[in-house]
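Here's the letter readout for the chains.
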Amino acid sequence: MTLPDNWSRLTPDERLQWRLDAWQGIPVEFASPEVAQAYRDRVQLYRDVLAGEKPATVPVAPWIGLLPYRWFGHSAKQAYYDYEIFKDDWFRFHDDTRPDGLGLTLGIVPGKLFDILDYHLYDWPGHGTPDDTCYQYSEQEWMKGDEYAALIQDPGSYWQRTYLPRVFGALEPFAMLPPWTDLVEIPFTAPFFAGFSAPPVKEMLQKLSDAGDAAMEWLQAAMAADGRVMAELGIPQTAGGATKAPYDTLGDTMRGTRGLMLDKFRQPGNIKAAMERLVPQSIDWALRSNNMTGNPIVFIPIHKGADGFMSDADFKELYWPTFKAVLLGLIEQGLIPWVFVEGSYNERLEVIADEEIPAHRMVWMFDATDMERAKAIVGKRQCIGGNVPAALFAMGTPGEMDAYVKDLLATTATDGGFILSSGIVLDEADPAAYKAFIEAGRKYGA
Amino acid sequence: MAAGLKEAVIELREDDALRITDELLGAGTDPLELVAACKEAMDVIGQRFADGQAFIPELIMAGEIMQGITAKLKPYLKAGAQGEKLGTVVMCTAQGDIHDIGKDIVVTMLDIAGFNVVDLGVDAHVDKVVAAVRDNKAQVLGLSGLLTVAFESMKATVKAIEAAGLRDQVKIMLGGAPVTGAVVEFAGADDWGKDAVAAVELAKTWVGGAS
Chain A
1 MTLPDNWSRL TPDERLQWRL DAWQGIPVEF ASPEVAQAYR DRVQLYRDVL
51 AGEKPATVPV APWIGLLPYR WFGHSAKQAY YDYEIFKDDW FRFHDDTRPD
101 GLGLTLGIVP GKLFDILDYH LYDWPGHGTP DDTCYQYSEQ EWMKGDEYAA
151 LIQDPGSYWQ RTYLPRVFGA LEPFAMLPPW TDLVEIPFTA PFFAGFSAPP
201 VKEMLQKLSD AGDAAMEWLQ AAMAADGRVM AELGIPQTAG GATKAPYDTL
251 GDTMRGTRGL MLDKFRQPGN IKAAMERLVP QSIDWALRSN NMTGNPIVFI
301 PIHKGADGFM SDADFKELYW PTFKAVLLGL IEQGLIPWVF VEGSYNERLE
351 VIADEEIPAH RMVWMFDATD MERAKAIVGK RQCIGGNVPA ALFAMGTPGE
401 MDAYVKDLLA TTATDGGFIL SSGIVLDEAD PAAYKAFIEA GRKYGA
Chain B
1 MAAGLKEAVI ELREDDALRI TDELLGAGTD PLELVAACKE AMDVIGQRFA
51 DGQAFIPELI MAGEIMQGIT AKLKPYLKAG AQGEKLGTVV MCTAQGDIHD
101 IGKDIVVTML DIAGFNVVDL GVDAHVDKVV AAVRDNKAQV LGLSGLLTVA
151 FESMKATVKA IEAAGLRDQV KIMLGGAPVT GAVVEFAGAD DWGKDAVAAV
201 ELAKTWVGGA S
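Keeping their order, the protein sequence lines are chains A and B.
One point on numbering: in the numbering used here, the residue at position 326 of the first sequence is 326, and numbering is uninterrupted.
One point on numbering: in the numbering used here, the residue at position 171 of the second sequence is 171, and numbering is uninterrupted.
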């Protein structure tokens, strides 16, 4: 997607409207004029709820993980390694169920890529987890407690020379190479490149090349899967980019949950300084992705600020300021933060309803949160959504699902500004309960 | 002096707590007095957690301080000197799930509460759980899981416990973010807890004979 020449002179609101128009008018060759209209109508649902208005029907946009593969009798390992299965099940599932949004193809990850890279950060089927289990994070201190200074001084160099060699076995030789910022004058150029003659570095470069091919093979499959759903069923992708809250970047895959929690007592100043350093790159990451895909929604899964994970005072002081800076940076660019709140956020609602964040510019998707309070506190400023529980999908009867959705929509959706969704990314669901979810959304959301 | 240790632990002043421990031990204080002070401090932190005044970071930090103090006390404590255990609990994250944070907090809190805890770690194979319950004559089994895939594993584990003829001797509690009463019913367990304090309360209730 190419931004208009006058982009820098547009207001955030003009940028948002431009991006929404581009998303709705996406240059896809649809199967028929009816499908093209269905696509535009669905995008309109999102435009309406984002603006806090009542849509023609409540959008039903569950987050989908391995569910399609379980649905058709395939394992996680097959989904991660066999791209024909990846594409076919994805299409058949959406054809059978017809939600209003398409998410989350990125969660069906390419096993072959991780084999080449020797990825240590996660376990996946055949590499530490059973064949029918989704990938899982290997909780460790991948960033050590005494490395904050290096991270804060130069995140790029820290990533390249310390973090990446630790989390990817294939990238260990990066630790031998100098930072790219050494390349400033002609006399220093040869010493810099001499490092690339080392055999382990050459081997790494070959693996990087192989990884690129493996990633491209998967990306083409993912684009084909989503492209077919879009072109033949008229279902838009729910997100076009992603980013994270700085506290989660540190806590999820760098210091680890436990490490970061101990740092709160032992080195709180370093946490704050590191998070501030991560704000610009968190914005830039999304901006590049969303500009490429042409979809204005930024998927932001958040974890470590949930109820119980810290006090309200710590949330206000530690978690929220830099996350808010990321949200404001995205909104400034006309992007739509779509925050996927995992866990319970009952204690955070007043804080996240922050009046310094412009109204009707973002989406809060909740999981185990009191939706009546969420509607009253956050819903008056921003679009909200959620929150059908995982257990109800996995073990509920169709009748229980119908009753839950009916009550949820009566509580949250009568005046618009609501998206019906799952509280979590769905790997498991009883087919009858899942179909009841979609049907109840249509019945009570009309 | 032990009161100073208790206060330092409650206030999560790690350096002070470890320094006071050294000073007390150096002065010949009965190590059991220190153990008692720590237990009282952890009771206060546990109560604060139950009351919504303390959170997971506070529990983890308190556990970290306790580990430091325990390491210092070890040479001074005779085997079994910490008194009778309340009972034995086997803890693990259910097969197929490798999340450990919640399970580890429950292990720490049970240990501090006076239970003998057998920690089987994560992704615990059903057969391993059955063997641990049988070999340790556990009165309580705690199964943790963050993924919905753990529901099936929990069910399979309960079935295996039944098949081994052990179901009457062991109460089974579930925990983890997606767990609800419906999961307890699905898996055939006895109850669930929303956090570590609830897990300790359940274990105490069951080992005390009530159900």
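Hints were generated in silico from the structure; no laboratory data involved.
Being a predicted model, the structure only gives us computed values, none of them experimental.
Keep in mind that the hints are not guaranteed to be accurate.
Stated by the list, open to error - Dumping the calculated SDA-like pairs for lysine to any residue here, alpha-carbon to alpha-carbon at most 20 angstroms:
{"#": "1", "chain 1": "B", "residue 1": "Lys128", "chain 2": "A", "residue 2": "Gly308"}
{"#": "2", "chain 1": "A", "residue 1": "Lys264", "chain 2": "B", "residue 2": "Arg48"}
{"#": "3", "chain 1": "B", "residue 1": "Lys194", "chain 2": "A", "residue 2": "Gly308"}
Going down the list of hints, with the structure as the test:
1. As the CA atoms of Lys128(B) and Gly308(A) are separated by approximately 31 angstroms, the hinted pair breaks the 20 angstroms bound.
2. For the hint pairing Lys264(A) with Arg48(B), the CA-to-CA distance comes to about 18 angstroms; that is within 20 angstroms, so the pair holds.
3. Taken as a hint, the Lys194(B) and Gly308(A) pair is honoured in the structure, with Cα atoms around 11 angstroms apart against an allowance of 20 angstroms.
Hint violations for this structure: number 1 only, all remaining hints satisfied.
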